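Visitor: For reference, the chains in residue letters:
There are 2 protein chains.
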Amino acid sequence: MEQILNDIRNSKARYLEELTRFLAIPSISSDPENKNDVLLCAEHVSKMLVQSGLTNIKVTPTAGHPVVSGEWLQAPGKPTLLIYGHYDVQPVDPLDLWEKPPFEAHIKNNRLVARGSADDKGQVFMHLKAIEAVMTSKGKLPVNVKFIIEGEEEIGSPNLAGFLRDHKAEFDADVVIISDSQMYAENLPAITYGLRGLTYLEIEVTGPNRDLHSGSFGGTVANPAEILARMLASVKDENGHIQIPGFYDDVKDVPAVERALLGSVPFDEVAYREGLGVKELWGEEGYSPNERTWIRPTFEINGIWGGFTGVGAKTVLPSKASAKISSRLVPDQDPTKIVELTTRYFQSIAPKSVTVKVTNHHGGKPVVAPLKTPYVEAARKAFKASFHTDALFIREGGSIPIVADFKEILGLDTLLIGFALPDNRAHSPNENFHLPTMYTGIETLVILLNSL
Amino acid sequence: MEQILNDIRNSKARYLEELTRFLAIPSISSDPENKNDVLLCAEHVSKMLVQSGLTNIKVTPTAGHPVVSGEWLQAPGKPTLLIYGHYDVQPVDPLDLWEKPPFEAHIKNNRLVARGSADDKGQVFMHLKAIEAVMTSKGKLPVNVKFIIEGEEEIGSPNLAGFLRDHKAEFDADVVIISDSQMYAENLPAITYGLRGLTYLEIEVTGPNRDLHSGSFGGTVANPAEILARMLASVKDENGHIQIPGFYDDVKDVPAVERALLGSVPFDEVAYREGLGVKELWGEEGYSPNERTWIRPTFEINGIWGGFTGVGAKTVLPSKASAKISSRLVPDQDPTKIVELTTRYFQSIAPKSVTVKVTNHHGGKPVVAPLKTPYVEAARKAFKASFHTDALFIREGGSIPIVADFKEILGLDTLLIGFALPDNRAHSPNENFHLPTMYTGIETLVILLNSL
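Note that the protein sequences, when read in sequence, are chains P and A. What the first sequence shows, in my numbering, is residues 50 to 501, in sequence order. What the second sequence shows, in my numbering, is residues 50 to 501, in sequence order.
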């Protein structure tokens, strides 16, 4: 084991070079112009799987971008890990905010800066290097592994559930491992055992049949921007509680012992506020900041627009006003039901002077994984042995809808162990991945493989 | 006189051709790309003034677009009319809603459809043709006239007050006549004796220092779009009364006799609603629809925007949200004071978790002109003689800030006699001017000149 870890420590230059090549492929899944780059990247991943010593490697086409898979199943009687990651990346605009070209990785402050470095190529790479290190040294693995590396995570994994259903037997396993999340802080590893779900709606309020002159008509006609503002303002009371009837009905109480565990996670409010540039935090009465993002559902306005939004003044009374609104959900809220309740709420409070159209975008279920499993325990030990500190047990406010798919389709719980730092700027310019964490993290993954 | 009116009736084809040429010049004052078109249009207007028989014609440059002026002062002892109009037009977007190109006038349902046809080129043209008809027939006018045709009305006339101050003596007169307003309905001419004032502000609410992931941060940070919605929703109570402290302090009661006069103006609520495509009107409790637009102040949202407004879903918690807001004012509200009160209101209700920036765009004072003047009486008679019906006395919900400037700088009251029909679509796609009304209206103006 010490030999393997030494090999890893001696391979840093090679790792860097290989990861830089992986990051150089602009595999932006949302942009049709990059379709061929995404395909090239899938081929590149398949070669990386070969290099790690995996077998039965496939690049399976879907209606969108291909899924790359591989396996090593020579450890009879041992558990099988299904390792999931994605090789596609977010778009890079606004390009002018990048300090260097986004697909030419460079190092700054110990971080490898490039699109996809943290989300998720760097973390996929870590798993492959851990496997490779063990295979190179021992010629075999202590457990069975299967890999699914998809190319559509950044566009909502539209084809992954279908792929899993079509290949259900092939991906039978004991647990899913995903590294597409974060440490709690540098040198503070975390096991993420809960994710919020999501509903995302668009609401359009229509008043008069055309934009009107606000002088000639102002005062006689309901202004749809004002009606929209009133409707949106009515969603929460003064304590931040959501007033949509039935919204909280299925919210499961979090046991006191779990709230205590989450409460023990350090939280520096001053640093948090300063990082965001706000004078005061804000949120639902009765919950701490971490609880507000981890164990409580939300209602947020993601976008709002209507009327004249150009430079200067135009005295228009708009015909329409719209908003994108979303809720993060917690167990056992059901996205379909929340969509219904939210739609009904807005329809019911709209005055007769306007019409309201609600469009459903996408959603996902909340998940909470069990904490008392041998896999969680092994991860805890692996973190301790590599980072020399206790991993925190945290939840995450965001959503990874495929975690619910793994549970529903394959019946598998997911172990989320992320290695990005909180300031990794995923989805933003100058995305970066902290290299010392990556090197130590590869050791974590080797130790994890060995302790199952 | 009958000869002159006959000449007018025989000149329709020529009028149409000349007006079409005037409308072909895209004199959009707000767009720097059209700066040269605006200048060309000023030159075109100066030639139209020459053609009408006016003298001392000038195209006077300003910090923005030029003012075109001319006069005929050979009627000693007779009153002097200062006729004001504007040759600039509104932008044309959204271009795709126009049935034909906006600067290629075409006729549809007896209306000439083009940008500027009603607002205000068509109405300026009418005055010039009335003068021309009298001059051609008699070689002189029964009164003195001065013309000011400006090129910045659609951007708030930023340089007109300065121009008037600089040329105060030159524009000494007895009354201002403006045709930049509407008839009450087809064949229902109106004398507009009141205009609302205006304040126009932009309010920007800033929360976190960057757009945030709505999953990772949603619940802990005030969402500026939500704060903005709450602030805007708080402006009016359930009865439509504005809650900004002090807002109504200077609103002068309208005497019962005047409310009765305004109340006698016919109003077809069903037709009004159907024209706007709304199921229900809406407005301040205790006032009729006409009173709501004529004698009561308003608060309107003219535009609102923030966060993600593209196609699809993006789970962003926006850093900023903004709105354009305006109030129409009635005597004796002062725009400067209302700007202060409104700004103070939004600053005072903003929670500490956001910052609020308020920018003042432009404004204007409300005006009410006296009804018992020889000019009002002459206009009443001219309408009766040409349209064969009594003109209504109405107010207008919109604002023509320069009317207050004429009063303040030159000490002159304004007679507002408009010839656009209510469905003229000024500022909107397919702006149009009703040709039969235009032809009869030129007769009205000729009779008016002769009855002073």
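FYI, nobody ran anything at the bench for these hints, they're computed from the structure. Since we're looking at a predicted model, the values are computed, not measured. Check before you lean on any hint, since a few could be wrong.
Note that the list lumps identical chains together, so a pair holds whenever it fits in one copy or between two copies.
[Said to hold, decoys possible] Below, computed lysine-lysine pairings styled on DSSO-like, alpha-carbon distance capped at 30 angstroms:
(1) K363 / K456
(2) K369 / K157
(3) K328 / K369
(4) K456 / K157
(5) K430 / K187
(6) K369 / K189
(7) K187 / K149
(8) K301 / K456
(9) K301 / K61
(10) K386 / K430
(11) K285 / K96
(12) K406 / K369
(13) K84 / K217
(14) K149 / K369
(15) K363 / K406
(16) K285 / K328
(17) K430 / K84
(18) K363 / K157
(19) K456 / K430
(20) K301 / K401
Visitor: Kindly indicate which numbered hints from before are broken by the structure, ordering the numbers from low to high.
Guide: 4, 6, 7, 9, 10, 11, 17 and 20
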